[in-house]
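Peer 1: In the working numbering, each residue carries its 1-based index in the sequence shown increased by 15.
Treat the hints loosely; a few may be bogus.
Unchecked claim - Distance condition first, Cα-Cα at most 30 Å in a straight line; then the derived DSSO-like pairs of lysine-lysine: (1) K337 <-> K351; (2) K337 <-> K779; (3) K748 <-> K773; (4) K961 <-> K779; (5) K351 <-> K483; (6) K138 <-> K81; (7) K128 <-> K779; (8) K900 <-> K129; (9) K961 <-> K352; (10) K120 <-> K210; (11) K210 <-> K254; (12) K337 <-> K304; (13) K170 <-> K608; (14) K129 <-> K337; (15) K352 <-> K128; (16) K873 <-> K183; (17) K481 <-> K128; (18) K957 <-> K128; (19) K129 <-> K481; (20) K254 <-> K304; (21) K128 <-> K183; (22) K304 <-> K129; (23) K481 <-> K351; (24) K128 <-> K170; (25) K101 <-> K961; (26) K81 <-> K128; (27) K170 <-> K254.
Keep in mind the hints are simulated off the structure, nothing from the lab.
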Amino acid sequence: MKKLYLLLFVILIAPKLFAQVSRGGMSKSRNSAPLPPPLPFREVSGIVKDTTDSPIIGAIITLTSKTDTLRTSTNADGIFVLKNVKSATFILSITEIGYVSSARKYLNNDASKKVVLDPIILKSDTYMLKEVKINGTPSITYKTDTVEYKASDYKVRENATVDELLRKMEGMEVGSDGTLTHQGQQVMKARLNGKDYAGGNVAQAIQNLPADIVEKIQIVDDYGDEAARTGVKDGTPQKVLNITTRADRSVGDIGRVTAGAGSDDRYDERLFLQRIDANQQIGLIGSFKNTVNGVASTGINSGAGGNYGSSSSSGGSGGTTKTVTPTFSYRDDWGKKIEVNMSYGYNYTDVNSINSSDGVQLYAPGTINPQTGKPYPSGANTTFTNNSVANNITKSHTASFDMEYSIDSANYMRVTPTYSFSGSNNDNISQYYQTGVIHQTSLGNTDASSTAPSYGATLFYQHIFKKKRRNISLQLSYTHTNQEQTNQQDNHILYYNDSTSLTTPFLDSLVHRVVERGNISNSFRASLTYVEPLNLVSQLEFNSQLIYRGYDNNAFTNNIDSLGHSTPIDSLTNVYHYSFTEERIALNYRLNKTNYNLSLGVTAIPTLLQGSREGYAGTVDHSDFTLIPIFRYQYSWSRQEKFSIYYTGTPTEPTFNELQPYTDLTNPQNPVIGNPDLKPSFTNAVTAQYNNYIANSQMNLSANVNASTINNQVVTNNILVPIDITNAGKTTKSFITDTRYLNLSGAYAVAGNYNIAKQYDDRKYNLELNGTINYGYNIAMTNNVENFSTSWTFNERLGPRIDPNDWFEINPYVSYDVTKSSNSLPDAPDNNVRTAALSVDGKVYLFETWLVGYSASKNYVTGISSNLTKNPFVVNAYFEKELFKKRNGILSVQFFDLFDQNNFVTRVTTPTGYTDTKSNALSRYVMVSFRINLQKWSGAAKRHGKLMQRRGDGSFINN
16 MKKLYLLLFV
26 ILIAPKLFAQ
36 VSRGGMSKSR
46 NSAPLPPPLP
56 FREVSGIVKD
66 TTDSPIIGAI
76 ITLTSKTDTL
86 RTSTNADGIF
96 VLKNVKSATF
106 ILSITEIGYV
116 SSARKYLNND
126 ASKKVVLDPI
136 ILKSDTYMLK
146 EVKINGTPSI
156 TYKTDTVEYK
166 ASDYKVRENA
176 TVDELLRKME
186 GMEVGSDGTL
196 THQGQQVMKA
206 RLNGKDYAGG
216 NVAQAIQNLP
226 ADIVEKIQIV
236 DDYGDEAART
246 GVKDGTPQKV
256 LNITTRADRS
266 VGDIGRVTAG
276 AGSDDRYDER
286 LFLQRIDANQ
296 QIGLIGSFKN
306 TVNGVASTGI
316 NSGAGGNYGS
326 SSSSGGSGGT
336 TKTVTPTFSY
346 RDDWGKKIEV
356 NMSYGYNYTD
366 VNSINSSDGV
376 QLYAPGTINP
386 QTGKPYPSGA
396 NTTFTNNSVA
406 NNITKSHTAS
416 FDMEYSIDSA
426 NYMRVTPTYS
436 FSGSNNDNIS
446 QYYQTGVIHQ
456 TSLGNTDASS
466 TAPSYGATLF
476 YQHIFKKKRR
486 NISLQLSYTH
496 TNQEQTNQQD
506 NHILYYNDST
516 SLTTPFLDSL
526 VHRVVERGNI
536 SNSFRASLTY
546 VEPLNLVSQL
556 EFNSQLIYRG
566 YDNNAFTNNI
576 DSLGHSTPID
586 SLTNVYHYSF
596 TEERIALNYR
606 LNKTNYNLSL
616 GVTAIPTLLQ
626 GSREGYAGTV
636 DHSDFTLIPI
646 FRYQYSWSRQ
656 EKFSIYYTGT
666 PTEPTFNELQ
676 PYTDLTNPQN
686 PVIGNPDLKP
696 SFTNAVTAQY
706 NNYIANSQMN
716 LSANVNASTI
726 NNQVVTNNIL
736 VPIDITNAGK
746 TTKSFITDTR
756 YLNLSGAYAV
766 AGNYNIAKQY
776 DDRKYNLELN
786 GTINYGYNIA
796 MTNNVENFST
806 SWTFNERLGP
816 RIDPNDWFEI
826 NPYVSYDVTK
836 SSNSLPDAPD
846 NNVRTAALSV
856 DGKVYLFETW
866 LVGYSASKNY
876 VTGISSNLTK
886 NPFVVNAYFE
896 KELFKKRNGI
906 LSVQFFDLFD
916 QNNFVTRVTT
926 PTGYTDTKSN
936 ALSRYVMVSF
946 RINLQKWSGA
956 AKRHGKLMQR
966 RGDGSFINN
């Protein structure tokens with residue numbers, strides 16, 4: 016015992032003796048530099064995590080020393096910062112409900128300005144967890160521009176992919192094609208640990224990445240790279256999915272191979288290879304498959320890698336699609352200062368489509384009946400039927416390279432060159448029948464091809480001044496696209512004289528032409544941003560942008576006679592150049608408080624629209640000036656409850672067809688006459704969002720509303736023009752439709768979306784209600800008469816998710832969709848389409864290694880007279896057998912559309928009519944597939960023997 020006391024005494028006094036000897040030695044040595052003096056204050060920071068490497072939010076941090084008593088709490092990333100710490104030796108106490116409290120003593124260098132502590136790991140307090148049944152980290156956290164989901168709270172089967180995990184998260188909807196919608200807004204890009212993954216392709220990311228590597232799912236309101244660095248936001252954000260990986264899944268290899276073959280020449284082959292080592296990621300994703308277009312969806316994801324779909328119950332056009340889509344991606348740190356992220360993707364699609372649609376085109380009163388010479392007694396309508404069979408082959412290459420260079424602590428640069436190429440060949444055979452005001456038939460055969468290479472680059476530079484938060488940045492971007500199209504039209508037009516015969520054509524007309532078009536576009540954007548802090552919570556922001564888009568268009572038309580000879584039609588030659596220049600000069604005051612932030616300012620937007628046509632004396636030269644407010648406000652009651660509202664204003668230039676001062680007679684039945692006096696349209700929009708996750712009740716409430724108005728909207732004016740048709744000395748009258756354009760103001764729209772989700776018994780039972788409500792007021796023109804239309808859309812979806820144990824899951828739900836529209840034109844029919852669907856999907860695990868999955872949807876459609884008499888009942892099912900010791904081999908048999916009832920009619924309403932499109936019923940087939948999943952992990956990422964720290968987006972800090 017005496018030896019033990021002596022050892023403890025030596026350990027306690029050794030540091031003091033060593034310090035004294037060191038100081039004494041330094042004073043005696045002439046060649047040694049003196050130690051730097053101790054600093055009066057320092058900053059202490061660190062991160063608190065649990066044993067699963069998840070950050071702990073809201074943990075109370077207390078620092079005590081002889082001279083300090085400071086307290087703070089961890090943020091949404093588990094990070095804490097204590098400023099103005101006087102002593103470098105202190106005791107840190109960490110407490111949080113559900114975890115064992117911890118107290119640690121730290122001895123640090125008193126000359127260090129910033130002290131970064133090693134990660135602090137808290138163990139779960141099992142007794143406390145049994146009492147409250149929650150841990151310290153809520154399932155959903157709402158940050159400034161990010162919604163964050165804790166993946167470990169959502170249970171999925173072994174070997175599941177990310178899309179299955181997303182389906183269980185509140186407010187998420189996943190489509191059969193891999194599209195992702197969050198709270199009613201489509202997610203446009205995918206990232207892995209903060210960087211674009213597989214070129215940003217959402218479907219490839221969520222359908223291939225395994226769910227068991229995910230730590231957090233983040234949905235980010237992304238305003239662009241410049242805003243991410245400067246914090247200065249402009250325009251409307253796009254939704255971005257960011258997947259952050261678990262720490263113990265930060266180093267490893269993943270492989271998955273799927274091979275499937277089915278009836279009717281269906282097949283589905285997939286390859287997924289991924290290497291992950293912290294920020295280093297190397298991946299190869301490929302697919303080769305033949306699927307069906309227009310398949311109704313019933314709400315589940317098959318275990319065999321084929322997706323049954325989302326809750327939508329209507330398909331589009333019919334046919335089949337063959338795809339080949341390999342994608343290679345690479346990401347790594349080239350040293351401590353350079354990060355690179357690159358990808359290459361090739362996409363080949365061969366679409367055979369079967370289209371069948373009919374509808375009504377409305378015209379204003381006052382239209383003259385060419386046979387009687389008198390106006391029609393009421394509104395003039397034309398009904399039409401359009402049937403077509405088409406084959407469309409497209410090939411595209413997309414390559415991108417992104418390099419970030421952290422020059423030093425004050426300077427940062429990012430360079431992003433891109434290249435893409437797309438080419439297509441399209442063959443279309445169509446039959447277009449019109450009766451009513453226009454009575455004619457067009458039998459057409461169109462052969463079209465196009466190429467569109469595009470390249471560009473973006474350069475971003477930022478300098479951070481010594482004064483905290485003061486920075487200046489410059490962004491330059493350029494894109495060049497050269498699109499060339501060749502379109503061969505071989506149309507047979509039959510004109511009818513209703514006064515003599517409804518079936519015998521009065522005249523046959525052949526139109527055989529080749530139209531060659533070119534479109535070269537050059538876009539340039541320069542942006543300068545300066546941020547000047549006023550005090551600790553406020554700053555001034557200045558932003559100036561110059562945006563230029565220039566277009567060189569040309570069209571050459573040749574007539575093909577009966578012998579196949581080609582003759583140029585000089586009167587149809589059109590060469591037109593125009594450009595749109597937009598400047599944005601913004602000054603903004605920004606206030607950042609603990610619970611809220613506010614931006615107030617003004618933006619001046621001068622615009623210039625210029626254009627000219629070769630051989631035409633007139634020119635386009637319009638300038639406009641608009642002042643719009645800058646307004647953004649966000650209030651956070653907590654990390655789980657947030658409200659935000661903001662305004663955006665966006666000008667849009669007219670297109671080539673709308674603007675050109677020329678009558679385009681490429682289609683003699685529909686001449687297009689541009690309007691060089693058109694002004695740019697301007698959209699004003701206000702968006703409000705509310706989110707609240709009540710952690711103790713496991714209940715989530717989300718809602719968003721967007722209201723917009725459009726000034727100087729470019730609208731179409733369809734004018735019926737009588738023409739004389741002469742055949743064998745006889746003359747009759749018919750119509751062609753001139754398409755003209757003009758500016759009208761007054762259109763507006765309001766769109767809302769909400770989600771209410773409640774979980775019971777640790778998410779074994781979930782109840783979710785989703786809804787969207789849209790209202791639109793549109794202004795249109797027909798026959799030079801203004802008309803107005805209104806449209807309402809209601810969609811409600813209610814359904815529980817029941818997962819009481821490990822072997823049974825069932826998800827019944829009901830959806831109700833209403834689309835109503837009305838038009839001010841006489842005799843315009845009011846549309847009132849209602850669709851009710853009773854659906855169920857689920858899984859049953861049998862004998863540990865067997866799985867039965869199913870989905871069924873009974874749909875009741877009213878309001879569309881052309882809909883088939885039976886209400887479709889679509890049923891899909893699959894069986895799986897897990898093989899091998901690790902159960903990572905899966906043999907599957909899938910049955911699609913068992914009752915062969917995948918037939919729907921989808922209605923699209925416009926201000927001057929509607930179109931009903933029928934889906935086809937080719938979707939009944941059987942698929943047999945085998946999939947093997949391989950994973951090998953080496954644990955968490957380390958550098959120099961220590962765990963690498965991470966940023967909030969999941970990227971690793973390369974120390």
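Peer 1: Now tell me if each hint is right for this structure.
Peer 2: Structure-based check of each hint:
With a C-alpha separation of about 44 Å, the suggested pair K337 and K351 falls outside the 30 Å cut-off, and the hint is violated. Between K337 and K779 the alpha-carbon distance is near 39 Å, which puts this suggested pair outside the 30 Å criterion. At roughly 66 Å between alpha-carbon atoms, K748 and K773 are farther apart than 30 Å, so this suggested pair is violated. In summary, the hint linking K961 to K779 is not supported, as the alpha carbons are separated by about 38 Å, beyond the 30 Å threshold.
Straight-line distance between C-alpha atoms of K351 and K483 comes to about 23 Å, which keeps the hinted pair within the 30 Å bound. A distance of roughly 29 Å separates the Cα atoms of K138 and K81; the hinted pair therefore holds under the 30 Å criterion. For the hint linking K128 to K779, the alpha-carbon distance of about 49 Å lies beyond 30 Å, and the restraint is violated. In summary, the hint linking K900 to K129 is not supported, as the alpha carbons are separated by about 51 Å, beyond the 30 Å threshold.
Distance hint between K961 and K352 is fulfilled; the C-alpha atoms sit about 20 Å from each other, no more than 30 Å. Taking the CA atoms of K120 and K210, the gap is near 37 Å; set against the 30 Å cutoff, the hint is violated. Restraint check: the Cα-Cα separation between K210 and K254 comes to about 14 Å, which is no more than 30 Å; the hinted pair holds. With a C-alpha separation of about 6 Å, the suggested pair K337 and K304 falls inside the 30 Å cut-off, and the hint holds.
A threshold of 30 Å between alpha carbons decides the hint, and for K170 with K608 the separation of about 37 Å lies outside it, so the pair is violated. Between K129 and K337 the alpha-carbon distance is near 58 Å, which puts this suggested pair outside the 30 Å criterion. In summary, the hint linking K352 to K128 is supported, as the alpha carbons are separated by about 22 Å, within the 30 Å threshold. Restraint check: the Cα-Cα separation between K873 and K183 comes to about 23 Å, which is no more than 30 Å; the hinted pair holds.
At roughly 15 Å between alpha-carbon atoms, K481 and K128 fall within 30 Å of each other, so this suggested pair holds. For the suggested pair K957 and K128, the alpha carbons sit about 25 Å apart, so the restraint of at most 30 Å is met. At roughly 16 Å between alpha-carbon atoms, K129 and K481 fall within 30 Å of each other, so this suggested pair holds. With a C-alpha separation of about 28 Å, the suggested pairing of K254 with K304 holds against the 30 Å cut-off.
Our distance criterion of 30 Å between C-alpha atoms is broken by K128 and K183, whose separation comes to about 45 Å. Our distance criterion of 30 Å between C-alpha atoms is broken by K304 and K129, whose separation comes to about 55 Å. With a C-alpha separation of about 22 Å, the suggested pairing of K481 with K351 holds against the 30 Å cut-off. For the hint linking K128 to K170, the alpha-carbon distance of about 44 Å lies beyond 30 Å, and the restraint is violated.
At roughly 28 Å between alpha-carbon atoms, K101 and K961 fall within 30 Å of each other, so this suggested pair holds. A distance of roughly 19 Å separates the Cα atoms of K81 and K128; the hinted pair therefore holds under the 30 Å criterion. Under the criterion of a C-alpha separation no larger than 30 Å, the hint pairing K170 with K254 is consistent with the structure, at around 25 Å.
When held up to the earlier numbered hints, the structure conflicts with 1, 2, 3, 4, 7, 8, 10, 13, 14, 21, 22 and 24 and fits the remainder.
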